[in-house]
Amino acid sequence: MEGLTKSYSRSVPPALREVSFELTEGELLVVVGPSGSGKSTLLRCIAGLEAPDRGSVHIGNRDVTSLPPGARDVAMVFQEHALYPHMTISANIAFPLLARKTPRDEVDSAVREAAAMLDLVGVLDRHPGQLSGGERRRVSLARAVVREPAVFLMDEPLASLDVSLRLKIRTEIKRMHAQLGVATIYVTHDQVEAMTLGHRIVVLKDGAVEQTGTPTDLYDRPANVFVAGFLGRFPINLFDEKAMTLPSGTAILGVRPENTELTQPGAGSVSGHVIEIDRLGSESVVTVQGEAFLARALVGSGEEPETGTEVGLAFAEPAVHAFDPSDRRIG
Amino acid sequence: MEGLTKSYSRSVPPALREVSFELTEGELLVVVGPSGSGKSTLLRCIAGLEAPDRGSVHIGNRDVTSLPPGARDVAMVFQEHALYPHMTISANIAFPLLARKTPRDEVDSAVREAAAMLDLVGVLDRHPGQLSGGERRRVSLARAVVREPAVFLMDEPLASLDVSLRLKIRTEIKRMHAQLGVATIYVTHDQVEAMTLGHRIVVLKDGAVEQTGTPTDLYDRPANVFVAGFLGRFPINLFDEKAMTLPSGTAILGVRPENTELTQPGAGSVSGHVIEIDRLGSESVVTVQGEAFLARALVGSGEEPETGTEVGLAFAEPAVHAFDPSDRRIG
Amino acid sequence: MKGSDRLAFPFLGGLGLLIALPALAAAALAFTEYSGLGAPRFVGIDNFERLIGDSGFREALGNSGLYVLMSVPLRVAAMVGCALLLHRRARGSGAARAAVYMPTVVPDAAYALLWLWLLNPLYGPVAGIAAALGADTPSLLTDPWGARLAIVMMGVFQIGEGFVIALAARRSLPGALYDSASVDGASGWFVTRKVTLPMMAPVILLLAARDVVLALQTSFVPALFLTDGGPRRATTYLSLFAYRQAFRYFKLGYASAIAVSMFVITALAIYAQYRVAKRYRLLG
Amino acid sequence: MKGSDRLAFPFLGGLGLLIALPALAAAALAFTEYSGLGAPRFVGIDNFERLIGDSGFREALGNSGLYVLMSVPLRVAAMVGCALLLHRRARGSGAARAAVYMPTVVPDAAYALLWLWLLNPLYGPVAGIAAALGADTPSLLTDPWGARLAIVMMGVFQIGEGFVIALAARRSLPGALYDSASVDGASGWFVTRKVTLPMMAPVILLLAARDVVLALQTSFVPALFLTDGGPRRATTYLSLFAYRQAFRYFKLGYASAIAVSMFVITALAIYAQYRVAKRYRLLG
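So the sequences go chain by chain: W, B, P and E. Counting from 1, one number per residue, gives the positions in the first sequence under this note's numbering. Counting from 1001, one number per residue, gives the positions in the second sequence under this note's numbering. Counting from 2001, one number per residue, gives the positions in the third sequence under this note's numbering. Counting from 3001, one number per residue, gives the positions in the fourth sequence under this note's numbering.
One thing to keep in mind: the hints can contain errors.
Claimed, not checked - Result set (SDA-like, lysine to any residue): computed pairs, CA atoms no more than 25 Å apart in a straight line:
1. K101(W) x L3084(E)
2. K3194(E) x P103(W)
3. K1168(B) x P34(W)
4. K1174(B) x V1225(B)
5. K168(W) x A3176(E)
6. K1205(B) x R1329(B)
7. K168(W) x F1293(B)
8. K168(W) x H1273(B)
9. K205(W) x R1279(B)
10. K1101(B) x G2175(P)
11. K168(W) x V1225(B)
12. K205(W) x E1135(B)
13. K168(W) x E1261(B)
14. K168(W) x I1275(B)
15. K3194(E) x Q79(W)
16. K1174(B) x K205(W)
17. K1101(B) x L2197(P)
18. K1174(B) x V274(W)
19. K1174(B) x D1220(B)
20. K168(W) x F1234(B)
21. K101(W) x L3177(E)
22. K3194(E) x D125(W)
23. K1168(B) x E1027(B)
24. K2194(P) x A1110(B)
25. K1174(B) x L238(W)
26. K205(W) x R328(W)
27. K1101(B) x S2187(P)
28. K1205(B) x R1170(B)
29. K1205(B) x T1065(B)
30. K1174(B) x P1034(B)
31. K168(W) x P1034(B)
32. K3194(E) x L98(W)
33. K1168(B) x V285(W)
34. K2194(P) x E1027(B)
35. K174(W) x G1300(B)
No lab work stands behind these hints, which were simulated from the structure alone. It should be emphasised that the depicted structure is a prediction, and the values quoted were computed from it without experimental measurement.
Build out the structure end to end from the sequences listed, making use of the hints.
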């Protein structure tokens, strides 16, 4: 597996516009974007379930653009678990091998191995309806693993799980990837999943790539306001020229709540009134309403001012992101 | 509206076991628990959609236990938006009033008021299918508001929305509650929603109340291991006697990752190896594997040790939670 | 997966050959005189000219029209009504649903015998009840309107398949809408009128269109069994009329012309059904 | 909402009075001699004893049994086959679905006329094609087995309602299963065999059970129209046999006994259908 390039456009609505990227061997690439950004369409084009209007998909040295899905040597994990309800777990895991007429004894040993890896040995004879949500998800991972494909494609595999299971299965996927080292494209709308799982992240919006880079790159040096706002625990604070004096050439200044400090009124760059405090336990989010802005600051528990107090906001220099009028990063 | 008490049990499976609480006037009470904990059953019993096997529901001075849902003077917002697809938005909002044969001019002014409050004036003539997810959710809030009920019941109103909308509608609900001051019971499985919205929180597990209190109470003084682990950004670190020497009478010690500090090996209470680092942007979660424990520590960005390093873990005293063998808090 | 599309062509081709082309050819028979023994003789539009002038045809057309007007509203109301009453999974409702479905699958001959006995003016229970109430014996099978009514009544109880469709439609309505209406204090009747019926409107229209088409068929057997088209030809529907021309008088060309006219009516009803379905996106 | 349950009782009570009780009474007729004119005369189990000894009845039972054995597998295979071929929303598939549905709603009389012409040994297209291929003229309507086959063939094209049910069942299968199978490299036939058919099994069984019940009904009209029960009584099915006893020979008591036997067969088929539905949780 050498690389994978893909670029095409689709007409009315253009679900994807000239999307290109490469995937290097053993990499875990996360494609992240809001709903409707074309993430799933992209993945389905790579899998061959949809045909791009233009552009091509390469896996290794092969151009697979016109090959049917089954001939591309990829395995896909779907948002819905997509297990066959009338088959046992072991038959479900064996399905991709049986579909390719693999000899029975090879199938058996491969199923045993995949089941052992995902801790499913005890439930092999059950049916999907008898399993918990987390177990079903692990079965769909096992079914992808059993084929030993060149690329894994994962379409929001955690979306249908509840919060506590999500963390567990995320860890499972990370461990599985480390163990197998198979190149993986992982699609999600959740920025936390993207930050914690991805070696590299592709940020998609309206079918176009906004930025590609490592999690640290994207967090520390977002290419535009959208990326700055999309990644991070809280919405980023944005200030335009009505809110404060900006350096020349700068149209918008973005500072994350975690890099925003409360000061005495007048001491910071801007000032306003505290209108709301959200206590999160060890820390709290303080919402400040200024004359031409609304901003949030993260403070430690016990350091919250009273609601209604006038406060200033100060920003530590390296964490201030400046964008020009055409929404491009400065510096 | 004076108070609301409720206690009953249901047989096989007992979805709720002797749940009791009171709701004071104007309060926003959040019921939180994992899926299957009986939250929705509880809400449906209060609304009158299900009948409790035992126990009673009081609203104000009235015992409403045997009244039909429509006579209880409550309004409910459902997880699915539950809008009538064949009616306009204005007819949807008017529905509860028309069902009670309210005079037409009263209905009109009440609909206008509710629509203005939730910023829906521009879409009153559209149908639900033409609205975005966030707008539909606001319509279902407007439909609850229009009746001016004694109690609002909200059953995971944000569960079907995506991450960015969730924050927006949560703020909307908070504002609406502040403006109307109507007592509200809000059910969710999401601890962040519970912490940020609730005046008080009821933690439910397997149909029984684990703890009731303000968000700060629950975070700072969790009554048992379940509450300690359920609230908070990350799973709490738990140490039993195999992991470290515990004070006498203590069976389990819990420390949140945000209160866990990395030290030189041997300098802290326990030590182990760094096995994984999750970078979240401004901070990172460091996972440490010890001989008989797995723990996480939250560190600032740039302060992460290398994977494989041996480190110690130290805990700041007031943030250490000790539990006795019967899972009760000590101190 | 695409391969299975290619398999569709031979089948559809066969269907076309076996049904569509011969149907056209059969339509061509309508322009001939044909007794089933010799070769058909081309007679142009003679058969259709005769049809227009044939008081028997106009009578049959009128009878079929009356049957549709009386039967379809009653049958659709019964289908939807039973579905609304019995959609819940409650104790006994399974048995009740089976009871509604039962008359549809009773063999036609047995069903007709049952009604013949029910309506017997001397020994039947309907006459018996009327006598017990001191009323005149109802002359259902000897009076033209009575006979029409009797055949409509027979059809009203054979609503099994439509009932199942209406039941499925009612069950597909989301429960949260009803929970919400219930908390809002809406009465059962208010909810039925404002929520259930409007949301089931597409299915109700579809059932009605389907029933118009079926009416041309279902009226045949009871008329043949129970009333033999009488009294005074009041229940000689189009299908029975065509049957008699073809199989009693062996005027197959003329019968074909009647069949063509029935087919045109059916096609119009199907087109209406298709438009309804399309409008409400029930078809692809 | 609970109020509407109470409304169900009068309706079901009426249904019980109008159908269930008279059905029992009609069954009672089976123990009488009754010409439709005088009062029924009680004869005990004479009618059933005669039935057992009646070679005509045994023949009709055998004919109906043969019809079920030949027709049901073919019809169900056609329903499911068409549904699998045509479930996709593709160009032309709407028209193809309409073509499959069409023969079902063609008026029975017109449909029978069409087949009468199709199978005409002198002028029909089937004979014409056989002649063009140099084969003997097939004697479909004059040979007992040929006539049986012809009536089965007529039924195979009237699968509209079952087709729609199978179509809905196929469409309710989640698309992700097929996407997944496609990425896994499974062939169309492998997926049909391992995924589609097993998942549709409950519906297929239901369609088969329903078709057994319907077979007792649907065989009546074609046999009456096309073959008049012949040749050599090969297509005298139970329904036609009962019809003749009742309406040609006016042996209503005896006909009732036949109807009762048909009803027992129907009830057994419905019970089987109910068990299938219950087992796969298709009913409440």
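Going down the list of hints, with the structure as the test:
no.	hint	verdict
1	K101(W) x L3084(E)	holds, 24 Å
2	K3194(E) x P103(W)	holds, 17 Å
3	K1168(B) x P34(W)	holds, 15 Å
4	K1174(B) x V1225(B)	violated, 30 Å
5	K168(W) x A3176(E)	holds, 24 Å
6	K1205(B) x R1329(B)	holds, 17 Å
7	K168(W) x F1293(B)	holds, 16 Å
8	K168(W) x H1273(B)	holds, 20 Å
9	K205(W) x R1279(B)	holds, 23 Å
10	K1101(B) x G2175(P)	holds, 23 Å
11	K168(W) x V1225(B)	holds, 18 Å
12	K205(W) x E1135(B)	holds, 21 Å
13	K168(W) x E1261(B)	holds, 23 Å
14	K168(W) x I1275(B)	holds, 16 Å
15	K3194(E) x Q79(W)	holds, 22 Å
16	K1174(B) x K205(W)	violated, 30 Å
17	K1101(B) x L2197(P)	holds, 20 Å
18	K1174(B) x V274(W)	holds, 16 Å
19	K1174(B) x D1220(B)	holds, 23 Å
20	K168(W) x F1234(B)	holds, 12 Å
21	K101(W) x L3177(E)	holds, 19 Å
22	K3194(E) x D125(W)	holds, 17 Å
23	K1168(B) x E1027(B)	holds, 21 Å
24	K2194(P) x A1110(B)	holds, 20 Å
25	K1174(B) x L238(W)	holds, 23 Å
26	K205(W) x R328(W)	holds, 15 Å
27	K1101(B) x S2187(P)	holds, 11 Å
28	K1205(B) x R1170(B)	holds, 24 Å
29	K1205(B) x T1065(B)	holds, 23 Å
30	K1174(B) x P1034(B)	holds, 23 Å
31	K168(W) x P1034(B)	holds, 15 Å
32	K3194(E) x L98(W)	holds, 10 Å
33	K1168(B) x V285(W)	holds, 15 Å
34	K2194(P) x E1027(B)	violated, 34 Å
35	K174(W) x G1300(B)	holds, 22 Å
Of the numbered hints given earlier, the model fails hints 4, 16 and 34; all others are met.
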